[in-house]
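J.: Based on the sequences and whatever the hints tell you, model everything.
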Amino acid sequence: MDINSGDTAWVLAATALVLLMTPGLALFYGGMVRAKHVLAMLMQNFFTMGLVAVLWAVACYSLAFGNLGDGGWLGDLDHAFMRNFNGEVFNTIPLVLFMAFQMTFAVITPALMTGAIADRMRFSAWVWLVAIWSIVVYAPVAHWVFAGGWLAERGALDFAGGTVVHVNAGAGALAAILALGVRRGWPGTPMPPHSLPLTLLGTGILWFGWFGFNAGSALAANDVAATAFVNTFLAASAAMLGWLAVERLRGGHATTLGAASGAVAGLVAITPCCGFVGGMAPIYIGLVAGAVCCLACSLKFRFGYDDSLDVIGVHLVGGIIGSVLLGLFADAAVNSAGTDGVFLGGGWSLFGEQVLAVAVVAVYSFVVTYVICIVLKTVLPGGIRATEQEEITGLDLTLHSEVGYSFTDR
Amino acid sequence: MDINSGDTAWVLAATALVLLMTPGLALFYGGMVRAKHVLAMLMQNFFTMGLVAVLWAVACYSLAFGNLGDGGWLGDLDHAFMRNFNGEVFNTIPLVLFMAFQMTFAVITPALMTGAIADRMRFSAWVWLVAIWSIVVYAPVAHWVFAGGWLAERGALDFAGGTVVHVNAGAGALAAILALGVRRGWPGTPMPPHSLPLTLLGTGILWFGWFGFNAGSALAANDVAATAFVNTFLAASAAMLGWLAVERLRGGHATTLGAASGAVAGLVAITPCCGFVGGMAPIYIGLVAGAVCCLACSLKFRFGYDDSLDVIGVHLVGGIIGSVLLGLFADAAVNSAGTDGVFLGGGWSLFGEQVLAVAVVAVYSFVVTYVICIVLKTVLPGGIRATEQEEITGLDLTLHSEVGYSFTDR
Amino acid sequence: MDINSGDTAWVLAATALVLLMTPGLALFYGGMVRAKHVLAMLMQNFFTMGLVAVLWAVACYSLAFGNLGDGGWLGDLDHAFMRNFNGEVFNTIPLVLFMAFQMTFAVITPALMTGAIADRMRFSAWVWLVAIWSIVVYAPVAHWVFAGGWLAERGALDFAGGTVVHVNAGAGALAAILALGVRRGWPGTPMPPHSLPLTLLGTGILWFGWFGFNAGSALAANDVAATAFVNTFLAASAAMLGWLAVERLRGGHATTLGAASGAVAGLVAITPCCGFVGGMAPIYIGLVAGAVCCLACSLKFRFGYDDSLDVIGVHLVGGIIGSVLLGLFADAAVNSAGTDGVFLGGGWSLFGEQVLAVAVVAVYSFVVTYVICIVLKTVLPGGIRATEQEEITGLDLTLHSEVGYSFTDR
Amino acid sequence: MKLVVAIIKPFKLDDVKAAVQAYGVQGLTTTVVQGFGRQRGHTEVYRGAEYTVEFVPKVKVEILVDDAEAPGLAQCVVEAARTGSIGDGKVWIMPVEDVQRVRTGEAGIDAI
Amino acid sequence: MKLVVAIIKPFKLDDVKAAVQAYGVQGLTTTVVQGFGRQRGHTEVYRGAEYTVEFVPKVKVEILVDDAEAPGLAQCVVEAARTGSIGDGKVWIMPVEDVQRVRTGEAGIDAI
Amino acid sequence: MKLVVAIIKPFKLDDVKAAVQAYGVQGLTTTVVQGFGRQRGHTEVYRGAEYTVEFVPKVKVEILVDDAEAPGLAQCVVEAARTGSIGDGKVWIMPVEDVQRVRTGEAGIDAI
Ligand SMILES: Nc1ncnc2c1ncn2[C@@H]1O[C@H](COP(=O)(O)OP(=O)(O)O)[C@@H](O)[C@H]1O
Ligand SMILES: Nc1ncnc2c1ncn2[C@@H]1O[C@H](COP(=O)(O)OP(=O)(O)O)[C@@H](O)[C@H]1O
Ligand SMILES: Nc1ncnc2c1ncn2[C@@H]1O[C@H](COP(=O)(O)OP(=O)(O)O)[C@@H](O)[C@H]1O
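These protein sequences, in sequence, are chains A, B, C, D, E and F. Final position of the first sequence in the numbering used here is 424; the numbers increase by one with none missing. Final position of the second sequence in the numbering used here is 424; the numbers increase by one with none missing. Final position of the third sequence in the numbering used here is 424; the numbers increase by one with none missing. Final position of the fourth sequence in the numbering used here is 113; the numbers increase by one with none missing. Final position of the fifth sequence in the numbering used here is 113; the numbers increase by one with none missing. Final position of the sixth sequence in the numbering used here is 113; the numbers increase by one with none missing.
It should be emphasised that the hints constitute simulated quantities derived from the structure, not laboratory data. Treat each hint with caution, since some may be false.
Claimed, not checked - What follows is a list of derived Cβ distance ranges for each label pair: (1) D:15 <-> F:80: 29 to 37 Å; (2) A:422 <-> B:169: 57 to 65 Å; (3) A:95 <-> B:262: 51 to 59 Å.
As the structure is a prediction and not an experimental result, all values here were calculated from the model. A virtual CB, placed ideally from N, CA and C, is assigned to each residue, including glycine.
T.: Here it is in structure tokens:
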């Protein structure tokens with residue numbers, strides 16, 4: 015097929031949008047930690063942009079997207095070291111652009127985990143974790159679902175990464191925090207966000223970039239992209255309302271952080287669905303995601319895991335909600351590549367596949383991530399955990415020789 | 015007509031750009047209020063993104079854009095609850111994308127008013143105000159001008175929202191602040207911006223997003239879009255120079271906030287004109303808008319209305335300037351859908367229609383907004399105004415149980 | 015040729031992206047200065063967006079891009095005052111869009127210099143410097159390289175501005191700081207960044223916008239644009255790793271500012287190369303640029319010039335690295351408009367032209383900028399340098415009557 | 002010499018400054034402080050987690066005065082700072098020896 | 002009346018507050034300060050340039066008490082603030098005359 | 002024991018610290034404060050609205066010393082802080098009873 019300039023134009027723009035999401039995520043998270051740890055958070059995210067992109071070019075893209083549509087478990091090394099891209103076309107866009115688009119997904123997925131492990135992992139441990147994780151967790155899972163691997167062949171749908179990105183990162187985050195332990199003083203010591211304006215800025219950037227993430231996943235400037243775009247927007251909005259409604263029903267104020275978190279929860283939940291559902295579905299999915307994720311964020315206090323910035327509450331839970339609800343709301347009329355879910359008379363088979371895909375990805379990611387962390391704990395000289403003194407003084411100064419803010423001039 | 019992938023690509027990108035404007039506006043305004051009210055400001059804006067989008071899907075889009083081109087007063091409910099979008103095309107783009115593009119306009123228009131009512135409206139009052147306003151003010155006005163309603167049929171031009179967005183929001187803001195009263199201590203107590211870097215960031219985002227707003231309103235990637243783009247850029251730049259020139263002529267320093275405000279004033283003024291004028295016109299329009307809006311911001315001290323962040327001075331005045339100057343500068347050679355203004359030999363008829371459209375929208379919005387506010391004042395248990403204690407302590411803590419910044423770690 | 019909607023869509027989006035880079039740069043630099051000077055930094059950048067855009071429309075575009083492809087020294091005035099754009103097409107996009115795209119380059123190039131002269135130039139001196147520089151430095155250099163002038167005709171390649179933008183601005187910056195002198199107290203007094211989160215935000219915006227800068231320079235949504243996009247991404251990532259590796263090898267911590275600076279260094283270096291190289295070249299170029307620029311930032315201490323925010327270390331050095339390495343890595347298979355460099359068997363002729371182009375631009379920019387500064391020093395009533403008292407109190411308050419932050423509310 | 006020290010509500014600072022000036026003293030120094038006392042703090046809620054913040058923002062005002070004027074000035078500050086509600090703060094007086102003005106080296110009452 | 006003043010490590014503030022409360026004093030005022038002393042500061046590195054910051058963040062705690070209680074309270078603060086490592090800070094006592102509660106005008110021991 | 006207190010211009014802090022160290026005292030505590038006095042404040046302008054800010058940023062330096070050294074130290078601080086222009090600040094001495102080092106419990110002169 016030839017390159018279509020309109021499709022290429024949109025995927026170029028969409029790729030740039032998704033790239034921006036990682037800095038957006040860094041700010042979203044960075045605003046929520048205490049000021050003495052803000053740079054460590056930003057650094058984990060920005061560094062992921064550096065390392066994962068290079069790994070993607072060297073091997074991971076090929077491991078994930080080689081053997082496309084083989085119904086199998088892993089790609090190959092045909093495109094390793096950036097080989098065999100010249101002149102190649104994928105659908106209607108240059109293959110190398112498809113590679114770049116997917117690269118942004120490979121970057122942000124591990125970056126999502128930084129919110130869970132905030133304020134206590136050594137930077138060098140993060141370097142190793144993200145490198146290994148990209149190869150042994152992200153690449154295979156992306157192959158199973160995005161590259162026509164075995165889960166896709168069975169019939170699981172995931173338009174833009176409900177399982178590959180959010181369930182995957184969420185389950186990995188849970189494993190990482192179990193291996194890492196709680197922050198010193200948690201949950202007794204208050205650890206309020208140091209700058210909610212930064213978090214809200216991050217939210218705006220994420221929302222903006224998510225249009226590239228979701229509507230870009232159509233890989234074309236067509237009606238599926240348009241539908242994915244609208245669904246993304248409406249789900250974020252509805253989820254914000256859902257989250258705030260729970261806050262009010264619990265007797266408290268509607269909070270700014272709640273509005274931001276609700277929007278993100280909606281964006282997460284609509285991710286797998288956005289190109290496969292239509293009508294009011296995004297609003298229903300958003301409302302459910304907003305309300306349930308709000309409630310899910312309190313689970314950590316009950317079960318005693320320190321999911322610092324609620325990666326499990328928002329990304330794991332939101333990813334599961336979206337992936338599973340797609341089994342109900344999927345509508346083949348919206349996208350011929352999709353199928354009908356329960357509500358459209360398609361029966362329970364899609365639903366079953368969605369549940370299976372979620373379960374497989376969650377279990378795989380959890381187990382492998384846990385093993386990686388335990389191995390790193392043993393192997394790395396300083397382990398994976400910052401010292402008590404580093405946590406007290408702040409990771410910015412102790413791990414990076416910097417301070418975030420210095421407002422008092424002489 | 016078929017979907018054109020290039021046009022669709024641009025409108026997808028443009029819609030994302032406009033969506034980002036509301037967070038940009040939130041930051042622009044948020045930086046200008048005192049630190050204790052920053053989250054309340056951000057919240058009003060972000061919440062508008064949540065509520066208005068859902069209302070737009072449920073009914074407002076259909077009320078605004080139903081009965082397209084009927085020369086009438088209101089749309090219908092054919093598209094309410096997201097019905098009848100599947101497979102539909104608008105010009106050369108998916109109809110649902112047009113709906114999403116317009117949704118971003120419906121979101122930012124009421125959001126503009128938050129700058130005027132800053133630091134004193136109860137959040138629950140804003141929730142009601144924005145909901146009702148979207149239905150009874152925004153939807154009909156958008157129909158009159160954007161959807162081929164009676165003002166458009168008479169010949170009024172508004173490329174991207176001089177009347178529908180800026181005059182509409184500006185007049186509504188004036189009504190709202192008259193109903194609400196001045197901030198405690200105004201104008202005696204200094205209320206300096208708490209973070210101009212935040213405001214400048216917001217300015218950058220607004221400028222960026224405005225390209226989507228204006229050039230996206232061409233709904234195609236063609237020469238009209240390109241012209242609208244250049245005009246937007248030049249008007250913002252020229253208006254910055256105009257504003258700073260007035261600051262210097264008044265004997266003071268050129269200020270950073272002045273540069274930012276000037277750019278926004280130029281963006282406002284060029285909004286109705288951008289697809290209908292050419293050559294040096296955007297520079298002239300920008301210079302006038304920058305200089306006049308700078309002067310207009312002092313009116314509030316003379317007349318005693320507390321337009322906290324100068325929504326009237328910038329958006330109402332700037333919107334009027336642009337809409338009216340279009341009657342002079344319009345150039346049919348730029349856009350065959352346009353007509354010639356006074357300077358191009360088209361006579362005064364366009365000018366007359368522009369003045370009429372401005373007057374009608376301003377009066378309608380002012381009156382209806384005022385009535386809404388008065389009704390809410392009576393009906394809502396706590397009224398529409400925060401208590402004195404809430405204003406002193408800060409709306410962030412008292413209305414949202416949060417604080418914006420917490421730089422001192424333990 | 016006709017307008018292609020896909021190409022136009024991408025260049026519209028790309029132009030918006032590049033426009034955003036100047037605010038991004040303002041924040042990148044703004045975060046690095048002390049809090050009392052932050053607005054002065056933001057102001058120099060935003061003001062450049064205002065002034066240069068108007069000058070570009072009035073004359074500079076025509077001076078740079080008139081006489082296109084003449085192999086000569088300067089353009090003409092055919093397009094001055096926005097004449098002769100109506101209906102004109104450039105390749106497959108509206109000519110006026112090409113003009114807007116190039117306008118964003120004309121804006122950001124002088125803006126790059128603000129990082130070097132930080133915290134000590136009078137605002138009015140900047141106004142004059144940027145105005146004159148745009149006319150006598152930027153316009154001719156752009157003609158030589160971008161508009162088929164004499165350097166281009168000889169065979170020098172510069173895909174997106176390695177010489178025109180980065181070497182040009184870097185050499186100008188060096189001249190300006192020599193004319194201006196060091197900041198009061200430098201290098202003894204610590205002048206730490208006041209807000210690295212702001213700098214990181216700026217980095218994210220720059221990285222995002224740079225896709226427009228580089229991939230947009232293809233002026234089409236085709237495989238060259240896609241290649242330029244991927245190369246931009248990979249070079250930034252690899253350079254971040256290169257910079258951090260040097261930091262670690264020197265025995266220190268990996269720093270957040272280092273990650274940000276490395277990414278920018280990679281973006282600078284890949285700028286001339288991005289549409290002419292393929293495969294692993296961007297990664298190699300990035301690694302070299304990151305490592306070398308990291309080392310180059312220490313030169314100022316050895317030679318005693320106060321390049322406050324390392325414009326020479328990053329932009330001049332990075333621009334030279336990229337422009338010269340292109341002579342090695344250029345690959346005609348990637349882009350038929352290019353040629354083969356040394357490594358692809360094309361011999362040393364391209365390399366020689368690259369070195370010549372760098373040298374010519376660096377010398378021209380340095381000499382002319384120095385002369386401008388010396389003349390301004392004599393001619394302007396207050397000279398070009400802020401007084402000692404202004405530097406101590408802060409330029410924000412003394413030059414702009416504003417303060418950046420005010421966190422303590424009453 | 003004495004140092005009159007006051008812990009007050011931040012929004013009363015302008016009133017206190019005006020009162021001090023009216024009393025005839027032309028200088029003072031203020032510090033942002035956090036107070037803990039009978040006045041309850043507040044509760045912040047982030048994603049459903051409640052944090053009780055027991056510290057309340059206050060401003061400390063320090064004024065050097067001649068011995069004789071100290072009690073009157075303290076009284077004047079007390080009155081200017083009063084809102085009548087809990088948390089209005091405290092005013093106290095501390096002994097000071099040997100004040101100097103940095104600029105001139107003047108000492109004692111001439112220094113202020 | 003006395004003013005007990007303590008310079009402590011910021012993260013010990015909650016312990017000190019608890020100890021003061023346990024001792025029976027219901028109010029105190031804290032200030033963010035920067036200390037310089039035996040405890041070394043730290044080095045920051047920005048693009049290879051090293052800055053030595055000799056000041057260390059500390060919190061100042063000020064507590065008004067009755068003369069008789071001052072030594073005991075000081076002792077109680079010393080114990081609560083101790084970590085045993087360098088930089089734990091200082092506690093001292095200063096004389097105070099004439100305390101008033103702003104809200105009521107109560108003086109002396111009734112004011113606190 | 003005495004507490005030498007100085008209100009100085011922020012940019013003179015390094016000079017003052019150096020002078021104190023040279024005088025032989027190895028510790029001090031600084032606080033960011035806002036001063037009001039003869040030195041005029043400044044005017045800020047936002048969209049044409051002028052605000053007069055009467056407070057000027059200052060730094061407070063507090064130094065515990067032995068009684069005998071206090072006057073000399075005060076003198077030394079005065080000299081180091083002087084620029085000769087208005088707003089240079091004040092230095093004064095206050096009596097202190099009973100200093101302790103938190104880490105060790107050492108008292109009096111050994112505590113500092
Ligand atoms: N014993 C004390 N020592 C020092 N400061 C105190 C003491 N008690 C109260 N304060 C300060 O005075 C402020 C007001 O005290 P509080 O008990 O809340 O109200 P009130 O003075 O009206 O009884 C406190 O926030 C604190 O800063
Ligand atoms: N002479 C002094 N005067 C005032 N404050 C002091 C003095 N010496 C130390 N301090 C304060 O006490 C803090 C701790 O002192 P330092 O010498 O670092 O440790 P330690 O008290 O354990 O010996 C310092 O950071 C400073 O705030
Ligand atoms: N009476 C006072 N009590 C407390 N602090 C004072 C007093 N007078 C001045 N100060 C402090 O000293 C600083 C300098 O005083 P100022 O009158 O401006 O200059 P100078 O000391 O040179 O006459 C003020 O900003 C304030 O912080």
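J.: Tell me the numbers of any earlier hints that the structure contravenes, in ascending order.
T.: none
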